[in-house]
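K.L.:
As a plain string of letters, each chain reads:
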Amino acid sequence: MTPNLPEPKLGAAQPVSPTAAPAPAAPVPPKPAVAAAPPSPTPAQPAPAPAPVLPNPLPHAPLPFKGVDYAAKGYHADATVTPDQVVFAAELLDKEGLSLDTITGVDWMAEGQMEVVYDYFHPAKALRVVVRTRIPRDNPEIPTIQKVFPGANWHERETHDFFGIKFLGHPNLTPFLLPEDATYHPLRKDFTQC
Amino acid sequence: MLVKDQLKTEIAADGSPRETFVINLGPQHPATHGVLRVKMTMDGEYVVRAEPVCGYIHRMQEKMGENRTYAQFLPNTSRIDYLSALTYTHGFVGAVERALKLQVPPRAEYIRVITSELNRISSHLVWWGAFLLDLGGFTPLLYAFDDREKILDLLEGITGSRLTYSYFRIGGLYNDIDDTFINGTRAFVAQMRPRLKMYRSLVTDNIILRKRLIDIGPITEEMCRKYGATGPVIRGSGVPYDVRKVEPYSVYSDLDFVVPTFEEGDSMARYLVRMEEMAQSLRIIEQGLDKLPAGPVMAEKVPRVLKLPAGDYCYAVEAARGRFAVRIVSDNKEIPYRVKLRTPSLSNLSLFEEASAGMLLPDALALMGSLDLVIPDIDR
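First to last, the protein sequences are chains A and B. At position 115 of the first sequence the residue is numbered 556 (this note's numbering), and the sequence of numbers has no breaks. At position 321 of the second sequence the residue is numbered 388 (this note's numbering), and the sequence of numbers has no breaks.
There may be inaccurate statements among the hints.
Unchecked claim - When the alpha-carbon atoms are kept at most 20 Å apart in a straight line, the in silico EDC-like pairs for lysine to aspartate or glutamate are as follows:
(1) B:K293 <-> A:D631
(2) A:K514 <-> B:E288
(3) A:K630 <-> B:E288
(4) B:K293 <-> A:E537
(5) A:K536 <-> B:E288
Unchecked claim - Taking beta-carbon pairs under 10 Å as the criterion, some of the chain A residues facing chain B (in silico):
(6) P505
(7) G508
(8) Y511
(9) G553
(10) E556
(11) D560
(12) A593
(13) L609
(14) P612
(15) P620
The hints are simulated quantities; they were obtained by calculation from the structure and are not laboratory data. Just so it is clear, CB atoms sit at the ideal spot from N, CA and C, and this is done for glycine as well.
Next up, chain B with everything else stripped away, as it sits in the complex (with noise of 0.2 Å):
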């Protein structure tokens, strides 16, 4: 009998009655990351039930779509989910260019894919840094700011931000990228290879580290198709299911890159596709860098009053989590009617509460640092 299915009967194991008792684990808690708070029933050591309770960072992300321009809706998609900002946006222009049928110059496109998967790279570091605080390991986080740091320098000398980018413009670029940015990111690319290899040996291969991931926290393939589970969640378990690969938007289709798959499922699945993925991350850089095409960063004849012809429409990219998707509803008018944004994050913790049945506390807890949340991308 699993230890999940024990702990659903009413007796222990010893003929006494089951006794559990409730904690909150947050809304202010170091191991969520941000405010979120889980109401686990427990049985000693053991989760009989996690259940998430969402929303204490709601900012109604939806709502300020509808009272506002196309334009000035843009600035909102870099805080939805603030680690993958400039995919985010990558996802609301998108949605617009597509619609008023856009053509956006290679040059502006080559750009956002490269500064993206810098973004991705960024995003990666701070989970990698963040999970292993989670599982006690100070040392790694400070390598990992210490990389980032060097991307931020770089994304902030072309968009002045080091967050929050806005980068992105509908039909382009708000400025070209300079010989400043492609000299660091080339030089970035270099020495950020040999540093996967060392964390490679300073902490994937520690055994310490093995024996808290490995086997932990199963998730299976089915139980991602039914929960919707997308990003390193589902190709961690063995379905290699990548948005630039399978709807392939901007000019991922002419970039070699390969979607790393681990079958076990296990929150060691997790890590090492991430980890892998930083280095295709580096591959696709490496690439744009080399076939940027010379010319404009935007479109010409952008209008000045956007209005997208009624009806709706989506577009899907891979942020850092997973499937990020935009669905516009428009009705002719300078205003969106509706904006619905689909998060990643969402439906990624939506499975916790099955995943997490009986498992002890602080295994729980490294399943869900291997879901890499970001909790404004749950509550938007």
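So that you can see chain A by itself, here it is in the shape it has in the complex (with noise of 0.2 Å):
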């Protein structure tokens, strides 16, 4: 199953309002080219070619994105960048048109790191998008990009409530779920009861 397959049901079973349809996209959508740089100085490096490669849905990103296989996966890209650039990536997804899902953290306790997830959804098409980055474990931060997208917000309290991760920029990093004076995280590994 390829990218976008999906998409000609979508225009065709649309009935209602006819100025809401967005215009169905090609199976690649000619898109204008990014005009801004990365704020860091990592371009765009070569996919490392696994045994299957798919065509990478974001091929004018200056983000080493790949190609995923939708019915093994459930998403259609997925990018491993550094974290001084996911706010790049959140601004360069931003211009695609694309939306925030959800951002979320996981504990990779025996490798010293934690890894933050980004998921990104495209609200026309098929098109979902993983951004994702490791930060060390005993010094967990990266920049926040609710700027970008202010419904990050939450999304990264909740971060930060569950894995410790800190958003430096974030107006409000106060805890969100767990009670306000909390000072534990339950969804790292080594948490135990408090």
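Join the two chains, each given in its own frame, into one complex according to the hints.
P.N.:
In structure tokens form, the structure reads like this:
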């Protein structure tokens, strides 16, 4: 199954509001080249070519996006970036018209790392993008993207609650779902009953 | 100058210093339908800032996911958004089936769709009754619960439960549907259509309702995108985003239905989207029953001990409130390494602070009701 396969069905079955329906996109939609250069000096790097190479749904994006088999994984593109590139990635996907799905963490205790995962979805076509990065577990800090997507505010607070990841520049990194005096981070793998 | 911009200034229009006060809406308040607290900074009747305070019913569902097996976590998925229990279970079993590359029998997929759509109608009926109750109309709630009761009876017959169904299994279903369910569902569909017509003339066309909702709480397409709002909220802002169409799962691509959208972005648009969705769900149920294939309802050779190959797997479904997505990270053990639950109510509520600025308090509550919040879905 290739990305954007369900597209014609979407276009064909949209009845109610003609102005609302977005232009049906071709399997690989032509998009304007992104002019802005990445803030960090990491240029586009070619994907390390796994066995079945799928087309990259974001070929013009200066980040290492790789095509992913949607049927096997549930998303279309995946990029592992450096921690200082997450804001650039958010700006880039914002320009592409994507919306923020969620932000979460994964505690890789054995490796001494925290993974931060940003999920994006496109509100008009089948395009799910995952941006992930790893930060040191003993000092988990990463810039906030809530200036790009205000919806990230709550997701980052939740991730701070659960993993203790500090989102630098966040205006209000107080407990969100945990009690207001919580000092523990329950999804860290070394968490014991408080 | 817009009211919300005026309220940001220190001096009121008549030259006196602006005085604000804070009221607490909740955590126990009928209009929040659960334990949600909203800290409202008010200038008279106008909302200067409404800050939702979440977490009063937080149960750490995601930690529970990390200390039990996949099958043991299944009942939890009915208890996140308790009004979309079947759809949420579908999201979870879908992610596990995707990882294991399990082929679910077509009959099971059709039954999943039929029951999920019944669940969607019952969820919308609860919203409809409760929303109108918020707006001051008591009677519609009784009509809505009358119809909902029929759905609960139908689902109870096959799942054994009336709210937290846990009916889907990894690889199929708990049991097959019977003729009582099929005939009862057909009768319900036939009965529900005139009821929807009656709801239209009884409530939707009512001038008082229209004055309470039209142009109240406008949410733009751009705001939905920036906050990740989905479901009837984004469709009420003119975007035909529906996971059932955009990323078709199960057998939705074989069924003919439309995604209702309304351009206006106000509370009325969100209201009309849900009313139209109920009619579409009836169509889906009818087609599902017509096309229902024979065969087993459980995949063969579902391993007794489920170990997912290492990696991460996502599965998104369209719940009654919008996009629900599950992300499972596995390290090839019996228990998941990480279960992330992306719930629609959280993203839908996150835009409330921006959308409600400058509104009158009763209008802000109308806006909140039109978001159709389920608080355990936010707090998890």
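K.L.:
Compare the structure with each hint and give your call.
P.N.:
Status of the hints after comparison with the structure:
1. Between K293 (chain B) and D631 (chain A) the CA atoms are separated by roughly 34 Å; this puts the pair beyond 20 Å, and the hint is violated.
2. Only pairs whose Cα atoms come within 20 Å are accepted, and K514 (chain A) paired with E288 (chain B) is rejected, the gap being roughly 29 Å.
3. Annotation: proposed proximity of K630 (chain A) to E288 (chain B) is violated, straight-line Cα distance about 39 Å (limit 20 Å).
4. At roughly 12 Å between alpha-carbon atoms, K293 (chain B) and E537 (chain A) fall within 20 Å of each other, so this suggested pair holds.
5. Of the supplied pair hints, the one linking K536 (chain A) and E288 (chain B) holds, its CA atoms being roughly 15 Å apart against a limit of 20 Å.
6. A cut of 10 Å between beta carbons decides the hint on P505 (chain A): the least distance to chain B is about 17 Å, and the hint is violated.
7. For G508 (chain A), the shortest C-beta to C-beta distance to chain B is roughly 15 Å, which exceeds 10 Å, and the interface hint is violated.
8. Below 10 Å, beta-carbon pairs count as interface contacts, and Y511 (chain A) has one with chain B at about 8 Å; its hint therefore holds.
9. A cut of 10 Å between beta carbons decides the hint on G553 (chain A): the least distance to chain B is about 16 Å, and the hint is violated.
10. Satisfaction of the interface hint for E556 (chain A) is found here, the shortest Cβ-Cβ separation to chain B being roughly 9 Å, below the 10 Å cut-off.
11. Against a cut-off of 10 Å between C-beta atoms, the interface hint on D560 (chain A) holds, since the closest Cβ of chain B lies about 7 Å away.
12. About 9 Å separates the beta-carbon of A593 (chain A) from the nearest beta-carbon of chain B, less than 10 Å, and the hint is met.
13. For L609 (chain A), the shortest C-beta to C-beta distance to chain B is roughly 21 Å, which exceeds 10 Å, and the interface hint is violated.
14. A least Cβ separation of about 12 Å between P612 (chain A) and chain B goes past the 10 Å threshold, and the interface hint is therefore violated.
15. Using the Cβ-Cβ criterion of 10 Å, the hint placing P620 (chain A) at the interface with chain B is satisfied: the shortest such distance is roughly 7 Å.
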